[in-house]
Structures are given as C-alpha cells and as structure tokens.
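Chemist: Heads up: the sequence lines are chains C and R, in that order. For the first sequence, the positions run 1 to 359 when full-length UniProt numbering is used. For the second sequence, the positions run 1 to 411 when full-length UniProt numbering is used.
Just so you know, the hints here were simulated from the structure itself, not pulled from any lab data. The model shown is predicted, which means the values in this text are computed figures rather than measured ones. Cβ coordinates follow ideal geometry from the N, Cα and C atoms, glycine included. Among the clues, some could well be false.
[What the hints assert, rightly or not] Below are the DSBU-like pairs computed for lysine-lysine, each with C-alpha atoms no more than 35 Å apart in a straight line:
id	chain 1	residue 1	chain 2	residue 2
1	R	K207	R	K99
2	R	K235	C	K307
3	C	K117	R	K295
4	R	K31	C	K44
5	R	K347	R	K406
6	C	K92	C	K117
7	R	K207	R	K162
8	C	K79	C	K120
9	C	K79	R	K162
10	R	K31	R	K99
11	C	K250	R	K406
12	C	K79	C	K135
13	C	K92	C	K44
14	R	K295	C	K307
[Said to hold, decoys possible] Take a look, some chain R residues computed to stay more than 10 Å from chain C by CB distance:
id	residue
15	A26
16	G59
17	E82
18	D111
19	A165
20	L248
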Amino acid sequence: MSGAARPVEGEPYLAVEDLTVRFPTADGLVQAVTDLSYSVELGKTLGIVGESGSGKSVSSMAVLGLHDRRSAQITGSIKVAGTEVVGLSESKLRDLRGNAVAMIFQDALAALHPFYKIGKQLVEAYLVHHPQATKREARARAVEMLDRVGIPQPDRRVDQYPHQFSGGMRQRAMIAMGLINDPSLLIADEPTTALDVTVQAQILDLLQDLQREFNSAVVLITHDLGVVAEVADDVLVMYGGRAVEYGTCKQVLTRPEMPYTWGLLSSVPDIGADTGARMIPIPGNPPSLLAPPTGCAFHPRCAHKDKVPGDLCSTTLPELLPGSEGERHVKRCHLADPDAIFAAEVLPEIAPDLVEEPR
Amino acid sequence: MTDETTDVVQDGEVTSFTELVGQTHAAAELKADAEPILTVENLRMYFPIRSSLLKRTIGQVQAVDGVSFVVPKGGSLGLVGESGCGKSTTGQLITRLYKPTGGSMQFEGQDLAQLSNRQMRPLRRDIQMIFQDPYSSLNPRHTVGSIVGTPLRVHDVVPRSKTLARVQELLEVVGLNPEHYNRYPNEFSGGQRQRIGIARALALQPKLMVADEPVSALDVSIQAQVINLLQDIQKEFDVAFLFIAHDLAVVHHFCPEVAVMYLGKIVEIGDRESIYSNAHHPYTQALLSAVPDIKQAVTGERRERIRLTGEVPSPIDPPSGCRFRTRCPIAQEICARHEPPLLQIGKRHKVACHFAGRLGEHPREPLTARLLGVDASGQPDPGASPVTDLVEQPGYADTWFDLDQKTIGRA
Numbered sequence: 001m002s003g004a005a006r007p008v009e010g011e012p013y014l015a016v017e018d019l020t021v022r023f024p025t026a027d028g029l030v031q032a033v034t035d036l037s038y039s040v041e042l043g044k045t046l047g048i049v050g051e052s053g054s055g056k057s058v059s060s061m062a063v064l065g066l067h068d069r070r071s072a073q074i075t076g077s078i079k080v081a082g083t084e085v086v087g088l089s090e091s092k093l094r095d096l097r098g099n100a101v102a103m104i105f106q107d108a109l110a111a112l113h114p115f116y117k118i119g120k121q122l123v124e125a126y127l128v129h130h131p132q133a134t135k136r137e138a139r140a141r142a143v144e145m146l147d148r149v150g151i152p153q154p155d156r157r158v159d160q161y162p163h164q165f166s167g168g169m170r171q172r173a174m175i176a177m178g179l180i181n182d183p184s185l186l187i188a189d190e191p192t193t194a195l196d197v198t199v200q201a202q203i204l205d206l207l208q209d210l211q212r213e214f215n216s217a218v219v220l221i222t223h224d225l226g227v228v229a230e231v232a233d234d235v236l237v238m239y240g241g242r243a244v245e246y247g248t249c250k251q252v253l254t255r256p257e258m259p260y261t262w263g264l265l266s267s268v269p270d271i272g273a274d275t276g277a278r279m280i281p282i283p284g285n286p287p288s289l290l291a292p293p294t295g296c297a298f299h300p301r302c303a304h305k306d307k308v309p310g311d312l313c314s315t316t317l318p319e320l321l322p323g324s325e326g327e328r329h330v331k332r333c334h335l336a337d338p339d340a341i342f343a344a345e346v347l348p349e350i351a352p353d354l355v356e357e358p359r
Numbered sequence: 001m002t003d004e005t006t007d008v009v010q011d012g013e014v015t016s017f018t019e020l021v022g023q024t025h026a027a028a029e030l031k032a033d034a035e036p037i038l039t040v041e042n043l044r045m046y047f048p049i050r051s052s053l054l055k056r057t058i059g060q061v062q063a064v065d066g067v068s069f070v071v072p073k074g075g076s077l078g079l080v081g082e083s084g085c086g087k088s089t090t091g092q093l094i095t096r097l098y099k100p101t102g103g104s105m106q107f108e109g110q111d112l113a114q115l116s117n118r119q120m121r122p123l124r125r126d127i128q129m130i131f132q133d134p135y136s137s138l139n140p141r142h143t144v145g146s147i148v149g150t151p152l153r154v155h156d157v158v159p160r161s162k163t164l165a166r167v168q169e170l171l172e173v174v175g176l177n178p179e180h181y182n183r184y185p186n187e188f189s190g191g192q193r194q195r196i197g198i199a200r201a202l203a204l205q206p207k208l209m210v211a212d213e214p215v216s217a218l219d220v221s222i223q224a225q226v227i228n229l230l231q232d233i234q235k236e237f238d239v240a241f242l243f244i245a246h247d248l249a250v251v252h253h254f255c256p257e258v259a260v261m262y263l264g265k266i267v268e269i270g271d272r273e274s275i276y277s278n279a280h281h282p283y284t285q286a287l288l289s290a291v292p293d294i295k296q297a298v299t300g301e302r303r304e305r306i307r308l309t310g311e312v313p314s315p316i317d318p319p320s321g322c323r324f325r326t327r328c329p330i331a332q333e334i335c336a337r338h339e340p341p342l343l344q345i346g347k348r349h350k351v352a353c354h355f356a357g358r359l360g361e362h363p364r365e366p367l368t369a370r371l372l373g374v375d376a377s378g379q380p381d382p383g384a385s386p387v388t389d390l391v392e393q394p395g396y397a398d399t400w401f402d403l404d405q406k407t408i409g410r411a
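Pulled out of the complex, with its shape left as it was, chain C reads as follows (with noise of 0.2 Å):
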C-alpha cells in the first residue's frame, strides 16, 4: 500500500464534508452536488439512492479526483484515510486511484478497452502500482484475480478480449481489475444493473464475499433499495444533488421520515407483497439543476406537503436535522411527525400485511 493512503486508527477510512460540485455549463451553472456529507468506515457499506441526476455518481467522481479541473469547481472536503483528496495533484491522485480506492463502473463494456485482451488490462492496472514486479508476476496475479472473481478457466480467459466475454463475466472482470492492488475503498456505481437478477446476486455475492476477505469500505450507488436491503450498512438518500435522509439501513427502510424515501420504496413493488398493495408513483419527473425549486427541492413532487403550515416546503430549505431515532437518522423535511404519518398513511397502501405486525 502506498504511502499516500494510511489507515487512520478510529476516523473512518472515507470522509466527505460539505461538499460541493458546480459545473458551469453554456445554459449556466449546474450545481449537481450540494453540502453533502457522510463517512464510511473499512468493513461497512454505504448504499447511495437516488434517481438519474440526484448527484449520486458525481459525488463520488470526486472523491477519485475524476473531475476535470477546468470546468468543475469542488469545495468541501474528502479525506481519504486522512489524506485531503480535494485539490491534490494530479500525481500524488494517481497514486491513490486503482491503489488504495478502487472504482467499479456500471456498464462493463464501455469501461473496458475493445482492443487490449483482458489479462493485458488487468497488469496494467497491476504494473502501475508495483512497478518492480516482473511481467510474468502480474501475469499470475492477474490469473489468480479472474479466478478469486469466478471466472472459469482463468488462465486461458486471460487472453481473450471483452466481447468474448458475457454480460456478468464482464462486470466480474471489472471486479478483479478494481481489486487487484487490494484497495480499501471500492466504489461501486451501479455494479449490477445492466444485469439479469441471477447474475445480479452472483456479483452481490461475491462483492460480499471479497469486502469480508479484505475488509475495505464500500460504496455501493444504485437506485434499487432492494439491493441497498441486501448489502448496505449505512444509507444515504440523495434528491436533487443533496442528502435527503441518512441512517443505518434498517433505520432508514423500516422507519423512512421523508417523503421522498416513501416514494422510492412505494414506487417498488414487494415480490412477496399482498395483492392488495399498491405501487404508488412519485408524481412527476427529477428537478432541474440548473434551475432547482425554491424551498425543498422535493416539494413539487411532494404528496404531503399540506400536512406542513403555510408555504414553508416553497421557501424554506429544512435542514438535515435528527429525527425521532437520535442522532444517527437524519432527515431533511419540515414535516413534524413524519412516523406517524408514514404507519397511518403510507404503510397500509404499499405492505397491507405489515401493518398489523408489531414493529
């Protein structure tokens, strides 16, 4: 591991603060991330919701430095095991990137170059990180990578190239070249979800499996809260570029206490779910950032906005404030007893047969 990136003893191995991300554009300034914050710690996941254009995938763009200087501007802070990443060179970025925080992208075959053969990729991606080691040891390693990621017959797969690849051997391909130099920070953005659901749990599975192995911290983005339920320690919620609510998974799908996370998880309907049950939509479509709505950026689409007095949703932004969990629950909306209204209202319309249990 390099020198760039030690573990500090206590402090969570990624930590991102008030950060913020405009990209001045011809029709004027997007702002794609506003004041966002979370941490994650090695061994723990952190899942990432939010729709198209919530600024879930260019908040963690940056925290591999994979914004171009000239037209994004970043303040905010993101330490990477103590070290500042905002405003690093490009080489010591380097260094950090494929070596100690990892990246997985969400569509495998556009992430991996056409003309060079998997294996040649891979020691690449070995070889920038270790470059004392022979080519013949990359070679191993690379090997060795394909087959910890279950991909039969590594050593001849090795030479192929990615269209000979399927689907999910791809994105497992992807997998072992993030995972090569045994990062502690793996960013998943969207790992799975060009992919049938068998091959979906395959990877889930194994992203598991290696996290466990390796015990790094991960950050798994995605807009399916089944997926989050399955894998995901900590939740973060993002509309419109800002963190809607943040908790502990359990906290934040059991107990949700803002009316956009009861919109995703009513928009989904439950395998397992009473026909009775509803899929109730968030009415229509995901803000404007270059003109985003005054007050909570939700309230256009908020159904329950007339359960707050007066037009505070339209003027007032509400802050990230604990709800009625402590500290660790944080939520943005003004709405007051937000449980209470999820039980009465929301619960009996998406899992009839959830009511009558005791929560």
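Add chain R to chain C, keeping to what the hints say.
Modeler: Just chain R now, kept in the frame of chain C:
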C-alpha cells in the same frame, strides 16, 4: 441520462397523498373465466446460421422452441426469464415482426402464423407493441403529433381533418399535455417518451398489446407511473397484455398469470399464487431467490440464496433432455436423457421438471418416468407403457396430477 425538462411537473400536480393513492391500482386480479384472445400452440422460431462463404445453413439458433400459452381477453400474461431465453422473440413473433418456423397463434379465429404480410396488415391494428427503449423507438425527426398520428393515417381510422383532435385526445389519455403535439421527442424525459410510445400503441385501439420491458429503462419513481398508466388503460379499454419483463416484482404486480422461460421453452406457467408462493421448478425457485428483498432490512439478516452456477448455455446447441440440467442443483441421469413434459399439477399451474416439488421437497424419484415409459434413470422400461398424448396444450385442463396427494385433481 439526465432529463432536461423545462417544466418540472406538468402532468397533474398532486395536492394530497390520498388523491395520489386514488390514482393508483392494486395488483391486477385474475379473471379466470375470460375467453382467450390469443392462443399460442407449439410456437417455434429457429434462426438459421449461414456459413460466411457459401451461405449454406450450418446451424440453427433455437430461440423459441415449442411454446404454448393463452392470453385471456382483457387480462395479462407475464413472460419472465433471463436475457437470451427467447421472451422478446416470442413477443416479436406475436406481432409478426418475424414469421415463425412452426406452430400456431390463434387470434380471433385466424392463425397469425399462417398469414401473409398482406393478410396480416388489417390485423396489425389489433396487436400493437410497446418497446423497451423510449429513446430509440421514437423517430427524433418527427413531432409527437406525427408519431402518434401515423398509425391513424396508415390504417385510415379517422378522417384527416380529425387526426389532430384524436392525437390530442390520446396524449391526454396517457397523461401528457395535449398542446405539446408539435414538440419533438428530445424535448421530453424518458418517462414522458414512454408515454408517447404508449399513446402510439393505443391509437388504433388494439385488443392485445405486447409490452417488451416497458419500464426497465426508466427511473424507479417513473416506473410506477407507467405501470399505473398501463393498468388504467387496461381497465378503461379492456386491452389484453403480453407483458415481457425480467423484473419479477413488476410482473407480480401487473400480471395475474406468469410464464417462466428458459432457453426457448416455458419451464413453469401458472397464476400468480402458484408461481410466486408455490413454485415447483428449480429454475423458478432460483430466479425468485435472486430477487433482492427490501424486507431483509427489517430483520437485518442475509437470506440464503440458491446460487445458480455457470451461464445460460447456447441456444445453438442446447443441452440434451432438460435444458436447465447443466445448471440445475437437483439434476439426475434421466434429465440428460429425456425432456420433461409440461405437466399440469394444479388448477392453473404447469411445470416441466422430472423432480418437480416445493423448495427443499423435491422428490428423489422422477415423477415423469411412468408417463415417459422409462425407469428412474431414464432407460427404456419394457414393462411400462408410455403415455402418447403428451403434446403441450395451451391453457389448462380440468384434471391434473396432484403432487401432494398423488392423485388426479379435478376442477
């Protein structure tokens, strides 16, 4: 995939949650006595593989191989399976984008499989399709009015002067602003584009809609909007749906009946209850166990999954016998020798497996050996007389083989 829409909320701003709930539907219910609108029997589609030089046929991709099912009038049948299992090809055969290699598709007294393209033309009105990708399925150079109006013009349904009025009416039905008829597709978000596609399919008032992954390209919150819209349409116009999707949860909500496909064949078909709570085929069980479940957050436990190993085999050279045997956790010798027939095991439940049973209760001896006239390992048994009429029927019979009681069940 950011949606650049100028007006953030244009389709009906919601004032209260009760109102919002009023616009939604519970899961669709089964109408058991509905007449069939489409009866598909032994449908097959083999795509030839030609050698590069002499263009001789050197093999076949057996994309759909002997599929039978019924879509009831005004009802919906879900077709689920992994990519490459032939579910989309089945949809394209029914809309006659391909001419099938064999089998029949009875639609209102006519066999779609036998018709020529010319004879097919008037029938295309009654069978319409909704596509997966709302970006590539709309012509970017045509206005919405022209996209939705084209089917009206081609089939000469309304006089030219009334076309615009009808287009606006359709846009309103699907929840778009009727004044936007002269806009181009790029001015709409993904969910709105899918609504345009639905308006186009609805223009000719079809009796059957083939929806090929209609929501999988959309954001979660928008998926629910489109599903509710499709339920609205089904209720209002009594349209039947063949709903093709890989998302088992959406199918659970939308379809009272579900068929599970694997490598060109239906392995299990039945009503919602039979498939989701009483699956008897190991593949269906594996699929269901792979679906991520939000309820796990409540318990905080990690559920044990049935791990399917390996990949879907190639449809060019499918495994002998049961096609699932190469990945099946309970496969035995007989599975390689004989293909399991699609047996009816409940009032509305059929399964194609030699060892059909609930999860963890699969029998040790093949159930089908006697029917096939073989012994437990699949070798011919001189003492047994095979049942000859094992041809797969679409629909359900009045009698079935009850696996729990080992008797013949009756409706």
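Chemist: Confirm or reject: R:G59 is not an interface residue toward chain C, with every Cβ-Cβ distance exceeding 10 Å.
Modeler: Answer for R:G59: holds, closest chain C Cβ roughly 19 Å.
Chemist: Hey, C:K117 versus R:K295, does the alpha-carbon distance stay inside 35 Å?
Modeler: violated (42 Å)
Chemist: Is it true that the CA of R:K295 sits at most 35 Å from the CA of C:K307?
Modeler: holds (28 Å)
Chemist: Is the Cβ of R:A165 farther than 10 Å from every Cβ of chain C?
Modeler: Non-interface label stands for R:A165: nearest chain C Cβ at 27 Å, farther than 10 Å.
Chemist: Is the nearest CB of chain C more than 10 Å from the CB of R:E82?
Modeler: Violated: least Cβ distance 4 Å, not greater than 10 Å.
Chemist: Please verify whether R:K347 and R:K406 have alpha carbons no more than 35 Å apart.
Modeler: Between R:K347 and R:K406 the Cα gap is close to 15 Å, so the pair holds against 35 Å.
Chemist: C:K250 and R:K406: Cα distance at most 35 Å?
Modeler: violated (44 Å)
Chemist: Are the Cα positions of R:K31 and C:K44 separated by 35 Å at most?
Modeler: This hinted pair is violated, its Cα atoms lying about 48 Å apart.
Chemist: Taking only the CA atoms, is the gap from C:K92 to C:K44 under or equal to 35 Å?
Modeler: holds (26 Å)
Chemist: Hint check: C:K92 vs C:K117, CA-CA at most 35 Å. Holds or violated?
Modeler: holds (28 Å)
Chemist: Is it correct that the beta-carbon of R:L248 has no partner in chain C closer than or equal to 10 Å?
Modeler: R:L248 not clear of chain C: closest Cβ-Cβ about 6 Å, inside 10 Å.
Chemist: Keeping to a limit of 35 Å between CA atoms, is the pair of R:K207 and R:K99 held or broken?
Modeler: holds (21 Å)
The earlier numbered hints that this structure contradicts are 3, 4, 9, 11, 15, 17 and 20.
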